[in-house]
Amino acid sequence: MLIKTNANGFHHETASDITSPSTYQGRRNLIKLMATGAAGAALASWAGRQAMAETSASGFAKPGKLAALAGGKSAVAGAVTMEKTTDYKDVTSYNNFYEFGTDKADPGKNAHTLVTKPWSVAIEGLVKQPKSYTLEDLIKLAPQEERIYRLRCVEGWSMVIPWVGYSLSELIKKVEPLGSAKYVEFVTLADPKTMPFVGSRVLEWPYVEALRMDEAMHPLALLSFGMYGEVLPNQSGAPVRMVLPWKYGFKSGKSIVKIRFTDKEPKTAWNKAAASEYGFYSNVNPNVDHPRWSQSTERRIGEDGLFAKKRKTLMFNGYEAQVGQLYAGMDLKKNF
Amino acid sequence: MSVNKLLLRPAVKPLLFLLCLLPILWLVYRVATNGAGANPQEYLIRATGDWTLRFICMVLAVTPLRTLANWPALARLRRMLGLFVYFYVLLHLLSYSWFDMGFDVADIAKDIAKRPFILVGFAGFVLLTPLAATSFNAAIKAMGAKRWQLLHKLVYVISGLGLLHFFWMRAGKNNFAEVFVYAAIMAVLLGWRVRQYLVKKKAAAQQIRARAAI
Numbered sequence: 074m075l076i077k078t079n080a081n082g083f084h085h086e087t088a089s090d091i092t093s094p095s096t097y098q099g100r101r102n103l104i105k106l107m108a109t110g111a112a113g114a115a116l117a118s119w120a121g122r123q124a125m126a127e128t129s130a131s132g133f134a135k136p137g138k139l140a141a142l143a144g145g146k147s148a149v150a151g152a153v154t155m156e157k158t159t160d161y162k163d164v165t166s167y168n169n170f171y172e173f174g175t176d177k178a179d180p181g182k183n184a185h186t187l188v189t190k191p192w193s194v195a196i197e198g199l200v201k202q203p204k205s206y207t208l209e210d211l212i213k214l215a216p217q218e219e220r221i222y223r224l225r226c227v228e229g230w231s232m233v234i235p236w237v238g239y240s241l242s243e244l245i246k247k248v249e250p251l252g253s254a255k256y257v258e259f260v261t262l263a264d265p266k267t268m269p270f271v272g273s274r275v276l277e278w279p280y281v282e283a284l285r286m287d288e289a290m291h292p293l294a295l296l297s298f299g300m301y302g303e304v305l306p307n308q309s310g311a312p313v314r315m316v317l318p319w320k321y322g323f324k325s326g327k328s329i330v331k332i333r334f335t336d337k338e339p340k341t342a343w344n345k346a347a348a349s350e351y352g353f354y355s356n357v358n359p360n361v362d363h364p365r366w367s368q369s370t371e372r373r374i375g376e377d378g379l380f381a382k383k384r385k386t387l388m389f390n391g392y393e394a395q396v397g398q399l400y401a402g403m404d405l406k407k408n409f
Numbered sequence: 015m016s017v018n019k020l021l022l023r024p025a026v027k028p029l030l031f032l033l034c035l036l037p038i039l040w041l042v043y044r045v046a047t048n049g050a051g052a053n054p055q056e057y058l059i060r061a062t063g064d065w066t067l068r069f070i071c072m073v074l075a076v077t078p079l080r081t082l083a084n085w086p087a088l089a090r091l092r093r094m095l096g097l098f099v100y101f102y103v104l105l106h107l108l109s110y111s112w113f114d115m116g117f118d119v120a121d122i123a124k125d126i127a128k129r130p131f132i133l134v135g136f137a138g139f140v141l142l143t144p145l146a147a148t149s150f151n152a153a154i155k156a157m158g159a160k161r162w163q164l165l166h167k168l169v170y171v172i173s174g175l176g177l178l179h180f181f182w183m184r185a186g187k188n189n190f191a192e193v194f195v196y197a198a199i200m201a202v203l204l205g206w207r208v209r210q211y212l213v214k215k216k217a218a219a220q221q222i223r224a225r226a227a228i
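Chain order of the listed sequences is A and B. For any residue, its number in the working numbering is found by taking its place in the first sequence, counting from 1, and adding 73. For any residue, its number in the working numbering is found by taking its place in the second sequence, counting from 1, and adding 14.
Derived from the structure by calculation, the hints contain no laboratory data. Quick caveat: nothing in here was measured; it's all calculated off a predicted structure. The beta carbon of each residue, even a glycine, is placed where N, CA and C say it ideally should be. Be a bit skeptical, because a hint or two may be false.
What the hints assert, rightly or not - Now the stretches of chain A that chain B is said to cover, found in silico as 3 or more residues with beta-carbon under 8 angstroms:
| # | segment |
| --- | --- |
| 1 | 241-248 |
| 2 | 266-275 |
| 3 | 374-384 |
As the list claims (entries may be wrong) - Taking lysine-lysine and the DSSO-like style, the derived pairs with C-alpha atoms no more than 27 angstroms apart in a straight line are:
| # | chain 1 | residue 1 | chain 2 | residue 2 |
| --- | --- | --- | --- | --- |
| 4 | B | 167 | A | 383 |
| 5 | B | 187 | A | 177 |
| 6 | A | 406 | B | 187 |
| 7 | A | 383 | A | 255 |
Said to hold, decoys possible - Derived contacts from chain B toward chain A, CB cut-off under 8 angstroms, selection only:
| # | residue |
| --- | --- |
| 8 | 52 |
| 9 | 129 |
| 10 | 187 |
| 11 | 188 |
Based on the provided sequences and hints, a complete structural model is requested.
Next up, the structure:
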């Protein structure tokens, strides 16, 4: 028999079990549910934009300080970690951005002099058509996604940050690099007029970082324009930066003004400063120590208060499943 | 009332004791009120290191100051200042061992071997310990003044080790401004002693010549 009764275990709902009208009609909750894709992909992007009004795709409130930048759900494997995001206050007051000073608090205090409008990124080198993109054109080049990445600094601390951006590969495909292009180089702005510490001897300026072409084409390599549902704050590398979650943080160049395709491995900033300590790849690797300190543990900023134990650092910062194959067969102690 | 008479008053020592505790109270307050930034562990490790260096400078300043200003009573405060050097270095070592190393003795041993600036800092702490341990009157009596003074001249080596520790720690970012400030202060305070020694030597040599001429 298809019709069930109490006798075969059917439990008829009592009045108190019935969902109240206000809850049923709770539009916000419904939208949030839909925004996470639970109700079907067709509604997700619409619901995502509605939800963006107050919260981001993963449901936390925007800091409310800068212009909004909405990011939709990402389909990239490994793009969204479930870990607790770091407080916006900590993310924006504890930075390494030496163009604005070498203390952690300096960029937060000094980066207000950075001018981010107008901004353009020049595409140069071994590409079919070298050109310059305005920031507005770059933002529109591909759908913005929200990516919640771990960021591990070489110094031994880490954060979890919800970035907004799209895979660098989208830009690379559009600019059509030549077959001879083996590396992608990113150059940060180095304007002594608006960046007071450009000229200090700790690094060579402009700050240069680079990737092997297959690393740059990996879906996790993020060209980022925002965080926490808003545009990037100056101290975090406004208005456009790289985020490479499986590498030490200094590889993720900030405030990018040029992307150059080349056939020779570029000399990157920290490698030039101390080649024995900072290699081209700088993949997060707990088994390969920095010459002056161990890389086996890290402090997750904001976690569990003053007496929180340090965490074990993960191979490729926990992205081994996604990026491990890029380095198959490589000696990671030599190619650090 | 002269400064020297003031320094002799009984209330001075407890007052100085409280003043010397202010830095750690201030640090605890900042951490408790989330005013220590995103990385309070790092803040505590570094701040206790800063205060160790500052108290070393204060201790080194006692003898030149009391000689130049003619405040012999300042000497009775030096032991307390010295013990506070040890207090802050203990907090510094405790912060590092706990927050950075989770009290893992094996890890700490590896760190000392791997990082020259940790080695140098640890050496400074090891040398400071017998100074703290012989700071009380019975120890001075047991050792005798001459031997005690010789042991406590180790403070000069300890100052150098502390400065080197700080210098090497800052070297990675070429961030030497503060290091130079401490170096300058110590150069003045230790340089004064070198000058005193040379002046005394010259005076003694002159005395010998004067006697020989008679």
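Verification of the hints:
1. 241-248: Violated - the segment 241-248 of chain A has 0 residues with a Cβ nearer than 8 angstroms to chain B, which falls short of three.
2. 266-275: It holds: at least three residues are needed, and the segment 266-275 of chain A offers 3 whose Cβ sits within less than 8 angstroms of chain B.
3. 374-384: holds (count 6)
4. B:167 - A:383: Violated, because 39 angstroms separates the two Cα atoms, which is more than 27 angstroms.
5. B:187 - A:177: Measuring from Cα to Cα gives roughly 12 angstroms; hence the hint holds.
6. A:406 - B:187: Within the cut-off at roughly 24 angstroms; holds.
7. A:383 - A:255: Roughly 38 angstroms separates the two Cα atoms, so the pair is violated.
8. 52: Holds, because the Cβ-Cβ distance from residue 52 (chain B) to chain A comes to roughly 4 angstroms (cut-off 8 angstroms).
9. 129: Nearest chain A Cβ about 5 angstroms off; hint holds.
10. 187: holds (5 angstroms)
11. 188: holds (4 angstroms)
Of the numbered hints given earlier, the model fails hints 1, 4, 7; all others are met.
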